Amino acid sequence: MDSEAKLLSQVKQKLSVYPHHELSPTLYPNNFRSSVCIILRTTANNNNNQRQVEVLFLKRTKRKGDPWSGDVCFPGGHHEEDETEQETCERECYEEIGLNVKNTKKFEYLGRLTDIFVLWTPYIISTFVYLMKEGEENHTEIKLQEGEIAEYRWVPLNHFVNLDANPLNSPLMTRTETLRSRHVPAEKMMFPGVLLPSEKENESEDDEFLVWGLTLSILDKFLYVTNINLTLNCLPIWLHRSNL
1 MDSEAKLLSQ
11 VKQKLSVYPH
21 HELSPTLYPN
31 NFRSSVCIIL
41 RTTANNNNNQ
51 RQVEVLFLKR
61 TKRKGDPWSG
71 DVCFPGGHHE
81 EDETEQETCE
91 RECYEEIGLN
101 VKNTKKFEYL
111 GRLTDIFVLW
121 TPYIISTFVY
131 LMKEGEENHT
141 EIKLQEGEIA
151 EYRWVPLNHF
161 VNLDANPLNS
171 PLMTRTETLR
181 SRHVPAEKMM
191 FPGVLLPSEK
201 ENESEDDEFL
211 VWGLTLSILD
221 KFLYVTNINL
231 TLNCLPIWLH
241 RSNL
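Numbered continuously in UniProt numbering, the sequence shown closes out at residue 244.
Just so you know, not all the hints are guaranteed correct.
[As the list claims (entries may be wrong)] Only pairs whose alpha carbons sit at most 16 angstroms apart, straight line, appear in this in silico EDC-like list of lysine to aspartate or glutamate:
{"#": "1", "residue 1": "Lys62", "residue 2": "Asp207"}
{"#": "2", "residue 1": "Lys200", "residue 2": "Asp71"}
{"#": "3", "residue 1": "Lys59", "residue 2": "Asp71"}
{"#": "4", "residue 1": "Lys64", "residue 2": "Glu141"}
{"#": "5", "residue 1": "Lys12", "residue 2": "Glu108"}
{"#": "6", "residue 1": "Lys62", "residue 2": "Glu148"}
{"#": "7", "residue 1": "Lys59", "residue 2": "Glu151"}
{"#": "8", "residue 1": "Lys59", "residue 2": "Glu205"}
{"#": "9", "residue 1": "Lys106", "residue 2": "Glu134"}
{"#": "10", "residue 1": "Lys59", "residue 2": "Glu95"}
{"#": "11", "residue 1": "Lys62", "residue 2": "Glu151"}
{"#": "12", "residue 1": "Lys133", "residue 2": "Glu108"}
{"#": "13", "residue 1": "Lys59", "residue 2": "Glu208"}
{"#": "14", "residue 1": "Lys62", "residue 2": "Glu201"}
{"#": "15", "residue 1": "Lys200", "residue 2": "Glu151"}
{"#": "16", "residue 1": "Lys12", "residue 2": "Glu134"}
{"#": "17", "residue 1": "Lys62", "residue 2": "Glu199"}
{"#": "18", "residue 1": "Lys59", "residue 2": "Glu148"}
{"#": "19", "residue 1": "Lys106", "residue 2": "Glu141"}
{"#": "20", "residue 1": "Lys62", "residue 2": "Glu208"}
{"#": "21", "residue 1": "Lys102", "residue 2": "Asp115"}
{"#": "22", "residue 1": "Lys59", "residue 2": "Asp2"}
{"#": "23", "residue 1": "Lys62", "residue 2": "Asp206"}
{"#": "24", "residue 1": "Lys105", "residue 2": "Glu134"}
{"#": "25", "residue 1": "Lys133", "residue 2": "Glu22"}
{"#": "26", "residue 1": "Lys59", "residue 2": "Asp206"}
{"#": "27", "residue 1": "Lys143", "residue 2": "Asp206"}
Derived by calculation from the structure, the hints in this document are not laboratory data.
A quick note: this is a predicted structure, and the numbers were derived from the prediction, not measured.
Given these sequences and hints, build the entire structure.
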């Protein structure tokens, strides 16, 4: 078994026995709920034609007044009435990127992570992990939701093995009206962040895929649960490491 096959086997095995904790709506009736989806696939490496495991990231459209404008994220969104958390995840995946993860011929459900209680907002985030099954017929074309999602990028999972998430000196992204800046009275803060690899040379700052904040917290939890080591060299992300 090659290293990539071992990596995928490790992810499946860890998620299959992981005792996730769900934050029940009855215990938190006043909290908003959202669900996100981590989607994996295996594909040929262009350099050596061997299979590699990849994870899907999205980049939100830049919109004035949107607190998540231009952020890198996983597919997902707000919970609607009469939906389970997993149904929210599946619906949002189809709406945002056109992938029907409920189709068991094309996708394998791998498991759920412990829910995240977002400390600075009234949100609870549920995360579900799916694997796109092998075969060219299963590599469905992604269709981005116009006005919501600007770009997507598949990133090798081994990119995060023993990777350092370095601090970013952020002017709070000029979001002076957000909950974050109201709760943290500072002009600048340091956030951990991971710059995703690109096939482009000399990628501009506007084109970069920079993972930070809640998305990095979700990624961190996934990597921790599946025993892939990511070193986070900054404090705020650790707020989410409880109850893994």
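Outcome of the hint check:
no. : hint               : result
1   : Lys62 with Asp207  : 12 angstroms, holds
2   : Lys200 with Asp71  : 19 angstroms, violated
3   : Lys59 with Asp71   : 6 angstroms, holds
4   : Lys64 with Glu141  : 29 angstroms, violated
5   : Lys12 with Glu108  : 10 angstroms, holds
6   : Lys62 with Glu148  : 8 angstroms, holds
7   : Lys59 with Glu151  : 5 angstroms, holds
8   : Lys59 with Glu205  : 13 angstroms, holds
9   : Lys106 with Glu134 : 8 angstroms, holds
10  : Lys59 with Glu95   : 15 angstroms, holds
11  : Lys62 with Glu151  : 11 angstroms, holds
12  : Lys133 with Glu108 : 7 angstroms, holds
13  : Lys59 with Glu208  : 10 angstroms, holds
14  : Lys62 with Glu201  : 23 angstroms, violated
15  : Lys200 with Glu151 : 14 angstroms, holds
16  : Lys12 with Glu134  : 15 angstroms, holds
17  : Lys62 with Glu199  : 22 angstroms, violated
18  : Lys59 with Glu148  : 9 angstroms, holds
19  : Lys106 with Glu141 : 12 angstroms, holds
20  : Lys62 with Glu208  : 13 angstroms, holds
21  : Lys102 with Asp115 : 21 angstroms, violated
22  : Lys59 with Asp2    : 31 angstroms, violated
23  : Lys62 with Asp206  : 10 angstroms, holds
24  : Lys105 with Glu134 : 10 angstroms, holds
25  : Lys133 with Glu22  : 27 angstroms, violated
26  : Lys59 with Asp206  : 11 angstroms, holds
27  : Lys143 with Asp206 : 22 angstroms, violated
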